[in-house]
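Read off the chains here:
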Amino acid sequence: MITKNAFGRLCRARDMLRETHDDRLSVEAVARAAGVSRFHFIRLFGAMFGETPHQFRIRARLDRAKHLLAISDDSVTDVCMEVGCASLGSFSDLFARRVGVPPSVYRQRVRSIMTAPRSLPAELTPGCLTLMGAAFAISEKQSSALLSDSVAAREDS
Amino acid sequence: MRIKLNSIMVDNQDKALKFYTEVFGFVKKYEIPVGEFRWLTVVSPDGPDDLELSLEPNANPAGKTFQEAIFKQGIPATAFEVDDMDAECKRLRGLGVVFTQEPTRMGPVTIAVCADTCGNLIQLYSKHS
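Protein chains in written order, with numbering that gives the first Met the number 0: chain A, 0 to 156; chain B, 0 to 128.
Because the hints were derived from the structure by calculation, they are not lab data. None of the hints are false.
Straight-line distance between alpha carbons at most 25 Å, and here's what the computed BS3-like set of lysine-lysine pairs gives:
1. A:K3 / B:K63
2. B:K3 / B:K126
3. A:K3 / B:K89
Turn these sequences into a full structure, and let the hints guide you.
Written out as structure tokens, the structure is:
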């Protein structure tokens with residue numbers, strides 16, 4: 000059981016990890032601000048949020064980078080600095096590894112499906128249950144494609 | 000008109016599927032890719048097996064803001080019923096789950112609150128006969 004105070008401090012620690020865009024802020028310093036040892040902080044953070052403080056910070060940075068690449072005109076270098084990464088090379092590598100494409104390609108892709116400038120396309124911000132309709136439409140299309148494939152295969156033989 | 004579907008926002012669908020199946024013990028029903036997300040639902044093996052819970056990505060900034068705000072206020076995003084509260088809490092604790100409220104009797108129910116590791120607090124409740 001976590002006390003109300005400890006819970007509040009943990010929430011603030013999470014905000015701190017996300018909002019401080021400074022590479023020099025160590026997990027140790029965040030733990031100290033939360034009033035617990037580094038070891039205890041990492042353990043508690045994981046049990047509460049399902050990842051380590053370090054993993055959380057990386058995910059938060061990439062999320063913010065994706066957002067900035069989509070809606071701002073900042074250069075990739077500016078985005079890299081803005082999210083608190085000192086090295087453009089390692090930022091681009093990390094981005095490509097996690098997102099699947101380099102930052103510049105990600106930007107082009109998002110821009111190509113944007114319907115209005117500076118507003119995220121609906122595909123990237125599914126509103127709750129809108130996914131359901133899309134999912135069943137896709138799976139129906141796939142199963143009818145499979146069906147017509149098998150009919151075609153039978154007709155061929 | 001029937002209620003057969005409920006949904007909860009999660010910060011990562013992979014993490015959520017793992018937690019909701021391996022820790023809470025639900026069973027995956029649908030997993031259909033939609034762009035970079037999935038239509039992902041689970042059901043309870045204790046039934047009813049046609050009542051689904053959708054694990055929705057919190058990718059919409061409006062959803063994320065709401066989710067974080069109620070989390071910080073200590074408000075559960077949803078509630079699940081359990082038969083034996085003490086046994087269930089003991090089982091979950093053994094799996095590393097953190098509680099923000101110990102089982103507390105409130106009239107005809109006992110409630111407890113825990114974290115789902117995906118950005119939500121979950122209320123567990125058992126009814127007294």
